[in-house]
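Input sequences plus hints: build the corresponding full structure.
Protein chains in written order, with the numbering used here: chain X, 1 to 330; chain A, 331 to 654; chain S, 655 to 940; chain R, 941 to 1273.
Check the hints yourself; a few may be wrong.
[Claimed, not checked] Which residues of chain A face chain X? A few of them, derived with a C-beta cut under 8 Å, are:
#1 Lys391
#2 Leu435
#3 Pro437
[Stated by the list, open to error] To list a few chain S residues with every Cβ distance to chain R over 12 Å, as calculated:
#4 His658
#5 Val674
#6 Val684
#7 Leu737
#8 Tyr761
#9 Thr773
#10 Leu802
#11 Arg814
#12 Leu823
#13 Leu826
#14 Tyr828
#15 His830
#16 Leu837
#17 Leu848
To be clear, the hints were calculated from the coordinates, so they are not data collected in a lab. By construction, the Cβ of each residue, glycine as well, lies at the ideal position given by its N, Cα and C atoms.
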Amino acid sequence: MKSRYLVRRIGMFFAVIIVAATLNFAIPRLAPGDPIGAVLEVLISRGQAVDGVESIIASYRERFGLNDPIATQYLRYITNSLTLDLGYSVTFFPQKVEDTLMDALPWTIGLLAVSTLIAFGLGTFLGALVAWPRAPRALQGLVPLLMPLSAVPYYLLALILIYVLAFTLKIFPLGGAYTPATKAEVSVGYVLDIINHAVLPALSIVLAQVGFWALGMRGTMVTVVGEDYLALAEAKGLSNRRIFFSYAMRNALLPQVTSLAIALGGVVSGSVLVEVVFNYPGIGWLLYNALQSSDYFVVQGVSFFLVLSVALAVLIVDLVYPRLDPRISR
Amino acid sequence: MTPRPVLQVENMRVCYRKQGRALAAVDGVSFELYEGERLGIIGESGSGKSTLAWALMRLHKPPTTTEAEGVVLNGVNLLALNDEQMRQTRWSQISLIPQGAMNSLNPVMKIRHQMADAIKSHESGWSSNRITDHIGSLLGRVGLPASVADMYPHELSGGMKQRVCIALGIVLEPKVIIADEPTSALDVVVQRVVIQTMNEVQQQLKSAMIIIGHDMGLMAQCVDRLAVMYAGRIVEIAPVRSFFRDPQHPYSRLLISSLPSPEEKRELKGIPGMQPSLLDLPSGCAFHPRCPLAYEHCTRTTPDLHKVDEQRAAACHLAKEYTA
Amino acid sequence: MLKHRIRSILKYAIHNPKLVTGVCLLLGLVLIGAVGPWFVDSEKARPISVPTNKQPSAQYPLGTDSGGRDVLSVMVVATPQTLRMGIMAGLVGVLIGTSLGLISAYYGGLADTLISGVTDTMLTIPPLAVLLVVAASFRALNIEMMALIIASLSWMNSTRALRAQVLSLKELPYIHMSRLSGLSDIRIIAEEILPNILPLAAAHFVGAVSGAILAGIGLEVLGLGPQDTPTLGMTIYWAMLYSALIRGMWWWWMPPILVLIVLFIGLFLISTALDEFANPRLRKAQ
Amino acid sequence: MNHNLLDVHNVTMHFGGNSRNRGGVVALENFTLSIPSDEAKIITIAGESGSGKTTLARLILGIIQPTGGEILYRGKILPQMSHEERQEYRREVQAIFQDPFAVYNPFYPIDRLLAVPLRSFGLAHNRAEARRLIEAALEQVGLRPNEVLGRYPHQLSGGQRQRIVVARSLLLKPRLIIADEPVSMIDASLRANILENLKQLRDKFGISLLYITHDLATAHQISDELYVLYQGRVAEHGDSTAVIKTPKHPYTQLLVSSIPRPDPDHPWVGRVEIPLNETTVIKDRTGCLFKERCAHALPACHLQPPQFVVATGQSVACHLNAESEAPTGRSKR
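Here it is in structure tokens:
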């Protein structure tokens, strides 16, 4: 049972990546005109004097091998994508797309992973408490507060937080990941500076997500609280804490982890847009600039990276899940 | 020396709210349970028997209310205990074998831990291998291999799960064990094994047992005394032999006559009508609409449970009155 | 038979606080779009039609932006656009989702493996990733195109949820009984299964509308929205581009955000209420 | 040559895994049964859960197709039937299910359960006639039409709902009803009424009944013939009174002796041992399936026992009865 589950999940991981790469390959070809034409048209229309225009065109012509049959182009594109060779950035030529992405990735991973984990942990615990009959009644007051928060998109919440906490009250910086013009060196000051800049973006991601996870958990806890094994646990005279953690929450966590895997797509997209609002130098900000300067292949690279990170996260969640639910592993 | 009562229940009432009204699922039930005795409680679905079982362990949550003049277990009135004292009493003095063993065990926790935490929450001094040995011996007493301790509930068959629940029920060797329809979901042979196991275990422990069910045949096989519940009240209570030979309450008589007897193929006769819903209880004796002997007096006054002879009582105007 | 059922649904709906507040919020927004044009000249929503950077005043209740547009008329024109895009995408999304969920669950076999495979794969791909590439390749995007593209990426959730529910319904004895009563598969789906999944489908429709608007706004905030007609997302994009925040022009970016927040909360309340109606156990917990 | 109403001929049902490899579960193996078309009979299929009795019900109802053998209705298998014949088969073979609540679509009042078959089989030409037929059928099963019509399922009791299902069968005038555990979820005191209704179907309306149950006590009351199934194979078959009074197969003996008798003076005799590694589905299907649990297991039991015919027209798949008449079927591997 276990190996069949693993093979299926890893198979799904590769299927997702190949489908994403295929979409990146196919969509531009469906657009009127050819992709190179689109890039050139943008350069000429902006009248930008770009030195070495000819070498860009030559490298792309070779890169795409326009005369090759569609199938070989497709195969080459897929193998390149899988080996993370995502072509050249138009604006920072000859830098490779994947290198620019690699520079920006640590910021996104740091911000996204940390805030999502905090939001998931906090939200799950709060949601469980709210649905727990013996929890203090005051917690019930939280529910009407959590609901609207989880309805609002991350980046809109980000704008409000900037206006209130950064612009008016000036507690936090307006944006960016560190005070401009400070050199990056491993010192407490530098780390504190990063944290200081990271608080607002992280806060907007956490606030926007915590409601969603809390309500999801409340829904599952409500069904778990009605189960027979909970009634027997109480009849066994176990302590309230023991029943809450190892009987109720432990079981309610399973559907919650599955919904984590499903929601990751939305979480990543939302967080990427928060970077745009905060000029936070992750792949979101890279994407925004690439769109401004129509750096076409960086846009495709970011899109591919988004899918890659979500697929990786889903795979991790799928590998963790059997450890939580013995019915699958045994 | 007559055995002394382990559990005395005086006028217990359990009410729950439905459509804005307080309905008495258990309406003034009194009985005594003697040491080492097996008392059966039988009734159709909706008669309040499971509600009574859970009320004895004070497991009903508001808005359901549980009141009684007294629920005395070994001299201690359970209703007077505070929550912590009651928690301590649960499982150490009085335990429960659940009905749906299918999902009464925590699906994501090994059987061992589900038994160990019952021990740990009452006894702090036990060493871990003392707990492991105890669990191993308990599983042996219910006919299960010690390896079951490291298995998860989904790996066990229905009969095995039910016997795990029995082992769980006696882990702290309580004075009173309540079995709430322990075999309703099981096949007839597995049911016999479970009942056989329960009886052996109960005899070893000398604890008293309340067995709740709706199958008359099963009751005849495994109880010493039998109480019949109807619409939240006990309508008859008697030693099992005299109950089957000479039932006092018309409802008991009809219950017995509606049973298919393996001997001859006589024409089957069920009880007309159905169990009244608590929302519109008939006046006077709740059974009068379905009772062949009902007369005018029955529709007005509710008969109380009065002694019919030294050991038997019935709640029917027609039942004879016992004069000592 | 049906009138009794509808009356009981209505009776439930009126007493549900979430549903009532949600519907009122949405009605308010629809009113902006419907009644607004009588009070406000929607021409002023076009660029360079009014003096720029004006504070809110009697003449311009919500002030003007750096592109020379009257913010109030932009709101009046933009709100119905975003609503229309959301509802179109949500409707198409949930129709595809429901039918795929129904077919894969009811007929099973190859159809089921295929549809679930595609659904699970597409679920893992964040819609924004695909929308980016599409928007970057098709420069001129109008509302209808965006709605269709977003719809093509928002059916997965409803497919997954409805497939699960139909799978559990399909095994119930009343489906076997209908077959024994001579009903064809089509009539069983239409008369026996559909009525029981409508509440869940409705909840997912509202969820899909909210998801579609979220995806649309996400694109617009990146500047990939329609350039010709003003939408809430594009207003926020222009405001950020011209750093209205730092220049203290709160009247430029605050109204679209408030409208969007009211919209999302309204949709959220309705979808939660419908979810509770579809899942009675949740309802009991209130 | 008029055919039997129903011929179940050597039917095998295999779930999961393909027939070649060992994977998958054998739910039913070489099951044979026939119901005459001239005389209405009640045949009981008794067995514990996992014995294959529900699989048999679904096979005869045409909900699933057998992986081996064939089921002939009036001499024809389902695929060979023309459209009319299949419609006729659909109407003539009806069912009563176990859960009286789940048989009703909660969205509609209970009338729909009665009205739909009337319409789709064209048994009533207009609403008035349909109403009349429905009311007559309800009265047949002892229900007052005005008390139940127009009500929703949750407003009626289990007993009432099950009787409405019986009334539905009366409406369609079927030739065969498959009743899968019709009374197991009904209170003991009300069971007798429904069993009485089922007997009436045979006696007053000439409808044959396949009564599927795990409760041998009720089987004895109403059935003419009894099959005892164990892990998908027939352990014993014959006249129901004979099989219950004098069971020949050790498994049937265990089943009959385990019925809790409502008489304290007839207690269970002896102790029942369950092998420690007791699993619901037996993997090793060679020889007699009951050999692990059988007290009188013989070396011959490693060969699958054929159906030995005992004098009283009772057949038993057990080597203990080898010395009786020559085995009917060919001896299996």
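Results of checking the hints against the structure:
For Lys391 of chain A, the suggested interface contact is upheld, since its CB lies about 7 Å from the closest CB of chain X, less than 8 Å. Of the supplied interface hints, the one on Leu435 of chain A holds, with its beta-carbon coming within about 6 Å of a beta-carbon of chain X, less than 8 Å. With its C-beta approaching chain X no nearer than about 7 Å, Pro437 of chain A sits inside the 8 Å limit, and its interface hint holds. The Cβ of His658 of chain S sits about 8 Å from the closest Cβ of chain R, inside the 12 Å cut-off, so the non-interface label is violated.
No beta-carbon of chain R comes within 12 Å of the beta-carbon of Val674 of chain S; the shortest separation is about 25 Å. Taking the minimum C-beta to C-beta distance to chain R, about 31 Å, the non-interface status of Val684 of chain S holds against the 12 Å cut. With 12 Å as the threshold on Cβ separation, the claim that Leu737 of chain S sits away from chain R holds: the shortest Cβ distance comes to roughly 31 Å. The beta carbon of Tyr761 of chain S is kept farther than 12 Å from every beta carbon of chain R, the shortest such distance being approximately 15 Å.
For Thr773 of chain S, the non-interface assignment is confirmed: its Cβ lies about 24 Å from the closest Cβ of chain R, beyond the 12 Å cut-off. Residue placement check: Leu802 of chain S keeps its beta carbon more than 12 Å from all beta carbons of chain R (closest about 33 Å). Every CB of chain R lies more than 12 Å from the CB of Arg814 of chain S, the least distance being 23 Å, so the non-interface label holds. A cut-off of 12 Å between C-beta atoms contradicts the statement that Leu823 of chain S is not in contact with chain R; the least separation is 9 Å.
Annotated as non-interface, Leu826 of chain S brings its C-beta within 12 Å of a C-beta of chain R; the closest such distance is 5 Å. Tyr828 of chain S, annotated as away from the interface, has a beta carbon of chain R within 12 Å; the closest lies near 5 Å. Interface exclusion of His830 of chain S from chain R breaks down, the closest Cβ pair being 6 Å apart, not more than 12 Å. Against the 12 Å criterion, Leu837 of chain S falls within the reach of chain R, whose nearest CB is about 6 Å from its own CB.
Against chain R, the non-interface label of Leu848 of chain S is violated: not every CB pair exceeds 12 Å, the least being about 9 Å.
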